[in-house]
Amino acid sequence: MPRSRPPQAPDRTRPVLSCRGVSKAFGEVRANQDIDLDLYPGRVHALVGENGAGKSTLLSILSGRLRPDSGRIEIRGRAVRQLSPARAMAAGLGMVHQRFMLVDSLSVAENLALGAKGVRSPDIRRLAKRYGLDVDPDRMVLDLSMGERQRVEILKILCRDAETLFLDEPTSVLTEPEIRSLFRVLDRLRADGRAILFVTHKLAEISGLADEVSVLRRGRMAARNLPADRDPRDLARLMFGRDTAKAPERQPPSPGRVVIEVESLSGRDSHGREAFRDVSFDLRKGEILALLGVAGNGQAELVQCLTGLARPASGRIRFAGRAGDLAYVPEDRYLTGSVADMTLAENMLLTSGPGSGRLLDLGRARRMAQQAIDEYGISDAHPETRARELSGGNLQKLVLARELARETPLVVLEQPTQGLDLRSSLQVRSAIAGHREASAVLLVTGDTAEALGLADRVAVMFRGRISGTLEAVRGDPGQAETLGRLMAGLGPEAQA
Amino acid sequence: MSLGSRGRTAFASGAVLSTSLALFFALAVGAIMFACLGADPLRAYAVMARGALCSGYALGELLVKAAPLILTGLAVALARTMLLWNIGCEGQFVMGATASAGFALYLAPDWPAAALLPATVLVGAAGGALWALIPAGLKNRFRVSEILSSLLLNYVAILYMEHLYYGPWRNPQGFGFPGTATLPQAAWLPTLPGSRAHLGLVLGLGLAAALFVALRRTRWGYEVRVMGLAPKAAAYAGMNLPRQTLTVMALSGALAGLAGMGEVCGVQHLLQDGLAQGYGYQGIIAAFLGRLNPLGVVLAALLLAAVMVGGQGLQVELGLPSSISVILTAALLFGFLAAEGLKGLGPALKTRAAQGGG
Numbered sequence: 001m002p003r004s005r006p007p008q009a010p011d012r013t014r015p016v017l018s019c020r021g022v023s024k025a026f027g028e029v030r031a032n033q034d035i036d037l038d039l040y041p042g043r044v045h046a047l048v049g050e051n052g053a054g055k056s057t058l059l060s061i062l063s064g065r066l067r068p069d070s071g072r073i074e075i076r077g078r079a080v081r082q083l084s085p086a087r088a089m090a091a092g093l094g095m096v097h098q099r100f101m102l103v104d105s106l107s108v109a110e111n112l113a114l115g116a117k118g119v120r121s122p123d124i125r126r127l128a129k130r131y132g133l134d135v136d137p138d139r140m141v142l143d144l145s146m147g148e149r150q151r152v153e154i155l156k157i158l159c160r161d162a163e164t165l166f167l168d169e170p171t172s173v174l175t176e177p178e179i180r181s182l183f184r185v186l187d188r189l190r191a192d193g194r195a196i197l198f199v200t201h202k203l204a205e206i207s208g209l210a211d212e213v214s215v216l217r218r219g220r221m222a223a224r225n226l227p228a229d230r231d232p233r234d235l236a237r238l239m240f241g242r243d244t245a246k247a248p249e250r251q252p253p254s255p256g257r258v259v260i261e262v263e264s265l266s267g268r269d270s271h272g273r274e275a276f277r278d279v280s281f282d283l284r285k286g287e288i289l290a291l292l293g294v295a296g297n298g299q300a301e302l303v304q305c306l307t308g309l310a311r312p313a314s315g316r317i318r319f320a321g322r323a324g325d326l327a328y329v330p331e332d333r334y335l336t337g338s339v340a341d342m343t344l345a346e347n348m349l350l351t352s353g354p355g356s357g358r359l360l361d362l363g364r365a366r367r368m369a370q371q372a373i374d375e376y377g378i379s380d381a382h383p384e385t386r387a388r389e390l391s392g393g394n395l396q397k398l399v400l401a402r403e404l405a406r407e408t409p410l411v412v413l414e415q416p417t418q419g420l421d422l423r424s425s426l427q428v429r430s431a432i433a434g435h436r437e438a439s440a441v442l443l444v445t446g447d448t449a450e451a452l453g454l455a456d457r458v459a460v461m462f463r464g465r466i467s468g469t470l471e472a473v474r475g476d477p478g479q480a481e482t483l484g485r486l487m488a489g490l491g492p493e494a495q496a
Numbered sequence: 001m002s003l004g005s006r007g008r009t010a011f012a013s014g015a016v017l018s019t020s021l022a023l024f025f026a027l028a029v030g031a032i033m034f035a036c037l038g039a040d041p042l043r044a045y046a047v048m049a050r051g052a053l054c055s056g057y058a059l060g061e062l063l064v065k066a067a068p069l070i071l072t073g074l075a076v077a078l079a080r081t082m083l084l085w086n087i088g089c090e091g092q093f094v095m096g097a098t099a100s101a102g103f104a105l106y107l108a109p110d111w112p113a114a115a116l117l118p119a120t121v122l123v124g125a126a127g128g129a130l131w132a133l134i135p136a137g138l139k140n141r142f143r144v145s146e147i148l149s150s151l152l153l154n155y156v157a158i159l160y161m162e163h164l165y166y167g168p169w170r171n172p173q174g175f176g177f178p179g180t181a182t183l184p185q186a187a188w189l190p191t192l193p194g195s196r197a198h199l200g201l202v203l204g205l206g207l208a209a210a211l212f213v214a215l216r217r218t219r220w221g222y223e224v225r226v227m228g229l230a231p232k233a234a235a236y237a238g239m240n241l242p243r244q245t246l247t248v249m250a251l252s253g254a255l256a257g258l259a260g261m262g263e264v265c266g267v268q269h270l271l272q273d274g275l276a277q278g279y280g281y282q283g284i285i286a287a288f289l290g291r292l293n294p295l296g297v298v299l300a301a302l303l304l305a306a307v308m309v310g311g312q313g314l315q316v317e318l319g320l321p322s323s324i325s326v327i328l329t330a331a332l333l334f335g336f337l338a339a340e341g342l343k344g345l346g347p348a349l350k351t352r353a354a355q356g357g358g
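Protein sequence lines correspond, in order, to chains A and B.
In terms of the working numbering, the first sequence is residues 1 to 496.
In terms of the working numbering, the second sequence is residues 1 to 358.
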């Protein structure tokens, strides 16, 4: 039977969900600190913040998948202890994940019935019609576009009678027309009195849609329940801050020969969708170029092409060096950059290549590991320690030491300080800065301060294109703002 | 004590723990079974131990069984080290045996022993290797799961061998019995005086040692291990997965092929019914009981062989079905898997306790 109905006579002045002082730490990383948030029925609340600001953690807490270390969550004025996914669902909270959780080989109706028993095609059609969620219940999920799959996800939580909807970066997988149609759906859900939490990093999206906006920055609420017509430039400032990095002092660039030249390169992601387009830049020895952007704007796929791990769809890469003669510190240091079940010494051999002879030079590997341990002060470690016993920061230092020691003409660093504590971040950054004279460095990062503190030039990627490039000038707070606007997709006026 | 050595000690003690748990579980299952069959479990185990260990003949038989198990165990362990499932050792065993027999009988029967025996050994290895390259190629080219293709090829190999010794290769002087003629003596593997234990055992031990060193000390072995432990890191480091898949499957097949060669040239001396008696599948058990470590595989193969030979004693002395040894073997594997599962549970429980406190 059709269970979904608009919430009955909601009192729109009282929050349907609120949290107070919610905190969550992972080891030394404080993902959420003292978060207060109120969601009201009949309102779309936008939550913005850059990568690593703590948006995902907060969503996981609100949907019951993570337990906060401290703080209180109230649903309709009643404190909920030990929120679990089941309790969250029963209390009318529903989550649309960024990665859809659907069974590809089942039909839409079957997927919905998995979540809410007794739901049949006619009910789905009625519900779909009311909210403009146009999708055929009898089609296989396999055959649906990303936009249609998202509608199924929304239907899924509506079938469970959700009164509060969380949408995690819902536009990141959608095309422009799909985004407009999603906004119409959200309009109707709002008119029905449902509360919507809309998480995004694209500021341009929220002005036409949201009623209010909160800004997360480095795990804290930088601003709460602002009116959504607030000047986006203010929001960008709140989101990215204006602090410049405490980077080591360094010489002005003395660029040498061009090491890599990229010409109108385009490429696809693993699903075959366009990930980046018309990307051009060149990079010289002695220069650091930062590729700045919020994750998911095509940087990862671009790096795959540059490092030879994927093929571009079109365009050219001219590399002044033997193919593969580049050092690469990948974003995923746990599964890609290292082998958890091997010793540190063995890990030092990972990228030394097949040219290094038939026998393993374990003696050299041990010396290299010991040198990295001494140079970076990796505590409690020994060349025979297994990599899995190192903290993220120490592992990153090891990977960095290995890659920089290869003395290649090009070094590609992907989110090198992501998830690291302050001390490790500074160590990693000074190692990068110290390596600048030796080779060309491409720094892919989401951290504006890091880009401005380390790089000579900063190129911003947004939706697969380079949306602007600027020469980094020390101590110019205006640059951080400009970059913040570019990262949030606030258009060309920001380039002025 | 440094963190590293502590980690390794924990690793090693984990191995001892799970293997002894497996043994204990198997013995308990066996005891229940004997009790159900109306036999005294202690006496039955005593009979088994005596049957397997307490005479020169018994030890010889144990080594005869251990030789192919070591080789097929190594074959499975090597493939599994890089996350490949070679379930096709039985087929590769059969193709190794068939290739050796065909070579010695029809291609080079007149060669002198000094040339014929080494050549027959190599041909056996090549037969297994080629058979294993089929699933490897299918996996590389069409992404066919090697689990299925290697398993299904077992039946093809066995039927093909039967076709040969029922048909074109059947011994004309064999009184109509299915089977080839006896191989020329120059192609027989030398045996230990006074027993049927043959040179295949030495081959297995030597290859186990070689594999142990190769996996730890060579660039090739390093790549195989990285591909098994962290496939993403292997791709990141630019390692060639398809090529290594071919190499490792070929080597794995060669090991299984050598086991088949050993049965033909060392024990049976002809192709006939009863050659394919499951050494390929038991190799899977040997590989896992040996924790994929080449030296561990040798110990596991000896243990399995002891259970099999001891099981024969049950039939002779107590009138119990000798197939009990098969059940004991299965119990060993289940015990091992359960112990591994329990070990995984340990850290999980600890984490949960820590979270509950927080």
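Keep in mind that a hint or two might mislead.
Here are the in silico distance ranges between beta carbons for each label pair [what the hints assert, rightly or not]:
| id | chain 1 | residue 1 | chain 2 | residue 2 | range |
| --- | --- | --- | --- | --- | --- |
| 1 | A | Asp143 | B | Leu337 | 53 to 59 Å |
| 2 | B | Leu53 | A | Gly324 | 39 to 45 Å |
| 3 | A | Ala90 | B | Ala338 | 57 to 63 Å |
| 4 | B | Ser145 | A | Lys117 | 43 to 49 Å |
| 5 | A | Lys117 | B | Ala49 | 39 to 45 Å |
| 6 | B | Leu342 | A | Pro85 | 25 to 31 Å |
| 7 | A | Asp380 | B | Val213 | 29 to 35 Å |
| 8 | B | Val213 | A | Ala313 | 43 to 49 Å |
| 9 | A | Gly324 | B | Leu27 | 42 to 48 Å |
| 10 | B | Arg217 | A | Arg139 | 42 to 48 Å |
| 11 | B | Leu337 | A | Arg14 | 29 to 35 Å |
| 12 | A | Arg65 | B | Leu337 | 38 to 44 Å |
Just a few of them, taken from the derived set where beta-carbon distance is under 7 Å, the chain B residues facing chain A [stated by the list, open to error]:
| id | residue |
| --- | --- |
| 13 | Tyr106 |
| 14 | Pro109 |
| 15 | Ala113 |
| 16 | Ala210 |
| 17 | Val226 |
| 18 | His269 |
Hints listed in this document are in silico derivations from the structure and should not be mistaken for laboratory results.
Since this is a predicted model, take the numbers as computed values, not measurements.
The beta-carbon is built from N, C-alpha and C at its ideal position, and this holds for glycine as well.
Hint numbers the structure violates, sorted upward?
-> Those not satisfied are hints 1, 2, 3, 4, 5, 9, 10, 11, 12, 13, 14, 15, 16 and 18.
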